[in-house]
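Peer 1: If you read the sequences in order, they're chains A and B. The opening position of the first sequence corresponds to residue 3 in the numbering used here, with each subsequent residue numbered one higher. The opening position of the second sequence corresponds to residue 3 in the numbering used here, with each subsequent residue numbered one higher.
Since the hints were derived computationally from the structure, they do not count as laboratory data. Possibly wrong hints are sitting among the right ones.
Because identical chains cannot be distinguished in the list, a pair is counted as satisfied if it fits within a single copy or across any two copies.
Claimed, not checked - Dumping the calculated DSS-like pairs for lysine-lysine here, alpha-carbon to alpha-carbon at most 27 Å:
#, residue 1, residue 2
1, K81, K190
2, K74, K190
3, K247, K190
These figures come from a predicted structure and were not determined experimentally.
Protein chains: 2
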Amino acid sequence: MGLTIALDAMGGDGAPGVIVGGAELARIRYPGIEFMFYGDQEPIGALLGGYEKLRAVSMIHHTETVISGEDKPSAALRKGRGSSMGLAIDAVKRGEAAGLVSAGNTGALMAMAKLALRTLPGITRPAIATVLPTTVSECVMLDLGANIQCDDRNLVEFAIMGEVFARTVLGLPKPSIGLLNVGEEALKGHEAIRQAAATLREIDLPIEFHGFVEGDAVWAGAVDVVVTDGFTGNVALKTAEGIAKMYTSFMRKAYRSSVISRLGYLLSRGALNKVRLKVDPRRYNGAMLLGLNGIVIKSHGATDAFGFANAIGVAVDMADGGFNDLITQEFDHLGSFGAPVQKVASS
Amino acid sequence: MGLTIALDAMGGDGAPGVIVGGAELARIRYPGIEFMFYGDQEPIGALLGGYEKLRAVSMIHHTETVISGEDKPSAALRKGRGSSMGLAIDAVKRGEAAGLVSAGNTGALMAMAKLALRTLPGITRPAIATVLPTTVSECVMLDLGANIQCDDRNLVEFAIMGEVFARTVLGLPKPSIGLLNVGEEALKGHEAIRQAAATLREIDLPIEFHGFVEGDAVWAGAVDVVVTDGFTGNVALKTAEGIAKMYTSFMRKAYRSSVISRLGYLLSRGALNKVRLKVDPRRYNGAMLLGLNGIVIKSHGATDAFGFANAIGVAVDMADGGFNDLITQEFDHLGSFGAPVQKVASS
Chain A
3 MGLTIALDAM GGDGAPGVIV GGAELARIRY PGIEFMFYGD QEPIGALLGG YEKLRAVSMI
63 HHTETVISGE DKPSAALRKG RGSSMGLAID AVKRGEAAGL VSAGNTGALM AMAKLALRTL
123 PGITRPAIAT VLPTTVSECV MLDLGANIQC DDRNLVEFAI MGEVFARTVL GLPKPSIGLL
183 NVGEEALKGH EAIRQAAATL REIDLPIEFH GFVEGDAVWA GAVDVVVTDG FTGNVALKTA
243 EGIAKMYTSF MRKAYRSSVI SRLGYLLSRG ALNKVRLKVD PRRYNGAMLL GLNGIVIKSH
303 GATDAFGFAN AIGVAVDMAD GGFNDLITQE FDHLGSFGAP VQKVASS
Chain B
3 MGLTIALDAM GGDGAPGVIV GGAELARIRY PGIEFMFYGD QEPIGALLGG YEKLRAVSMI
63 HHTETVISGE DKPSAALRKG RGSSMGLAID AVKRGEAAGL VSAGNTGALM AMAKLALRTL
123 PGITRPAIAT VLPTTVSECV MLDLGANIQC DDRNLVEFAI MGEVFARTVL GLPKPSIGLL
183 NVGEEALKGH EAIRQAAATL REIDLPIEFH GFVEGDAVWA GAVDVVVTDG FTGNVALKTA
243 EGIAKMYTSF MRKAYRSSVI SRLGYLLSRG ALNKVRLKVD PRRYNGAMLL GLNGIVIKSH
303 GATDAFGFAN AIGVAVDMAD GGFNDLITQE FDHLGSFGAP VQKVASS
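With the hints as extra help, turn the sequences into a complete structure.
Peer 2: Now the structure itself:
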């Protein structure tokens with residue numbers, strides 16, 4: 003393959019150990035991959051000492067500046083250029099790396115990447131996307147928080163980006179697209195969402211537009227791509243996490259409530275582990291900052307090496323699938339797409 | 003007690019059987035309760051024939067007009083006055099019933115109830131609220147879909163109504179209020195939500211304002227009252243339902259995957275039933291249309307008699323708790339509340 007991935011070695015709760023451990027797992031999974039580590043040379047070097055083969059395909063670029071989880075995006079923009087995150091972004095900008103992965107501050111990553119890499123031609127605003135499990139398979143959802151308020155043009159862009167992602171990375175030949183709404187009827191929801199639906203129905207792209215999709219249908223697997231504004235997407239994603247935790251807590255207490263159910267737990271453990279694996283957040287780790295002129299992946303800050311390796315995998319898949327070239331082609335082809343959309347007032 | 007509850011006997015998938023069955027369960031639970039059934043006299047009468055004690059405390063008001071699940075609110079307003087739903091609303095308006103329960107069309111119920119009953123003094127827009135389970139206890143969430151776009155004034159009204167509900171019906175002496183947002187920091191979210199937070203911090207009411215709350219924290223039980231616009235609330239509620247169904251489906255498949263896990267399931271059944279009971283949607287059935295000058299409860303259309311009885315229970319609790327009188331007192335006391343809020347542009 004020969005892909006090089008830039009890693010912000012200092013972002014996230016377990017840095018740099020989790021980053022180096024994740025890189026080692028990814029190295030085994032993707033033969034030919036190379037890494038550029040950005041961060042504090044000493045601990046990174048010491049960790050790499052434990053992985054001979056990884057060290058052979060890695061370079062360390064030293065910096066002592068780190069963007070913290072508390073830094074506001076504005077502060078990150080001021081001090082960030084020389085930080086581990088900023089240098090990793092620059093490596094992508096200069097074409098030295100095919101993509102970057104950071105488990106650091108999301109707001110800072112988006113702000114710095116947007117400034118340094120710019121958006122792809124035709125894209126007004128980048129979006130945060132992630133792959134999620136559904137009852138029947140999986141889907142990609144965007145935006146998850148980069149854009150709190152969205153007009154119809156933003157939503158249409160998200161739909162196109164999500165469609166290309168599902169095609170190139172999830173390998174679905176004809177992914178279906180749904181707009182998250184409070185009902186399926188054409189009159190439901192607010193102006194921006196209704197206008198986005200109208201545009202997606204008429205647009206000159208071979209897009210499989212399903213229409214509106216409700217919050218419960220998303221998890222039943224009604225569509226392959228779920229498009230929403232960043233406020234709603236963030237609430238939906240965190241609600242899903244919260245409900246999953248609530249159930250886990252209820253189950254744990256229930257299993258402990260009697261000797262019989264403890265025994266039942268022991269016998270069911272294999273089955274329960276299958277469910278756990280199916281919804282393991284580490285499996286779905288690696289949110290994509292789509293729409294940027296470069297591949298930028300945000301890992302969960304609290305993940306482990308297994309989760310971080312999966313985030314690296316997302317960067318590899320996007321680079322291999324030629325995601326950004328395809329996006330650029332689609333928007334090139336659309337050309338006049340701005341016109342019918344922009345005459346409508348945004349919400 | 004001597005409370006009279008009006009029932010739309012024709013609303014919902016299982017009407018009128020579920021309605022009559024639910025009334026019988028509620029009759030046993032709330033001694034002294036009386037019912038006014040609105041709908042097709044013949045089947046209702048036949049069903050009541052099976053419950054002697056229920057028949058003794060029930061009156062049937064015949065009508066053949068029914069609002070269907072497909073009727074738009076506008077159509078319901080045109081033809082609805084003589085319908086089972088419309089007549090039940092009128093019974094509350096005339097003071098003949100302390101409240102009404104319908105498992106019919108939500109949009110029609112809200113539109114007709116709003117027109118006939120009007121909102122309470124000080125309330126701009128009614129909201130749909132429901133009680134939901136959390137890891138530690140339960141919470142009330144509103145709005146769940148009545149108001150797709152909300153300004154700060156709407157959100158503040160929802161907060162006050164939710165607080166009074168949690169105090170009078172859930173019996174919490176000092177319920178805490180959270181505004182659903184994408185982060186906890188003061189700068190997160192959009193203008194309406196930030197301004198609502200500012201107002202709730204300054205307001206002259208003994209309200210325990212927690213601040214912003216994220217989608218996952220809701221289910222961890224961070225607050226007793228979760229306030230949001232109807233779009234976000236609807237998506238959050240349906241996401242919660244969808245995730246619960248997804249887990250149930252995964253678990254079922256996993257338990258069936260081997261003989262050992264089947265045995266494990268048998269031994270765990272008691273524990274699993276406890277969890278099921280804890281999150282049983284029938285237990286939480288009965289969404290409140292808060293802010294109307296009358297008690298209006300919407301039952302899920304697909305519930306059974308047990309679920310419908312719980313929706314009747316919500317109407318009884320709200321009437322007993324004097325919910326609407328307290329709301330009126332709070333807004334009376336506030337008086338000047340409109341001023342600081344209305345000077346700010348709504349989103």
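Peer 1: A separate judgement is required for each hint: does it hold in the structure or not?
Peer 2: Hint-by-hint comparison with the structure:
no., hint, in the structure
1, K81 x K190, "between (45 Å within a copy, 22 Å between copies)"
2, K74 x K190, "between (36 Å within a copy, 11 Å between copies)"
3, K247 x K190, "between (31 Å within a copy, 24 Å between copies)"
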